[in-house]
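Participant: Given the sequences, and given the hints that come with them, work out the whole structure.
Heads up: the sequence shown begins at 129 in the numbering used here, then just goes up one per residue.
A hint or two may mislead.
Distance windows between CB atoms, simulated [what the hints assert, rightly or not]:
(1) 195 x 157: 15 to 25 Å
(2) 169 x 148: 18 to 28 Å
(3) 177 x 217: 42 to 52 Å
Calculated from the structure, these hints are not laboratory results. We put the CB at the ideal spot given by N, CA and C, even for glycine.
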Amino acid sequence: TSDLAVSMAKEALLRPLDLPNVEPQLAALEEELAEAINMTGIGPMGLGGDTTVLGVRISTAYCHTASLPVAVNLQCWAARRATARIYPDGRVRFGRSPFDP
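Facilitator: See below:
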């Protein structure tokens, strides 16, 4: 459903930039799309430049053949830099992403 597509798009934003897709074909497609998008010259904030995207993330799920829900979610790099987990006992653990061990 489209609800699942939107949820998956938001979740995909949390994957660290240096962590490739576990599916080799999707990892290759993500890299190909990132290169093509950066070749557009749009740049940060549409002001031109060599880097338009820092990464492309693709997630897939099964769906009925009569539907093909797609969701695209954009996120500013500044909002992806770090995370902190605060435990009930007062400890704080800092990390780069929710996937840090």
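Participant: Range first: 18 to 28 Å. Now tell me if the beta carbons of residue 169 and residue 148 are that far apart.
Facilitator: 25 Å, holds
Participant: Is 15 to 25 Å a correct range for the gap between the Cβ atoms of residue 195 and residue 157?
Facilitator: 21 Å, holds
Participant: Do the beta carbons of residue 177 and residue 217 sit within 42 to 52 Å of each other?
Facilitator: 46 Å, holds
In summary, the structure agrees with every hint in the numbered list given earlier.
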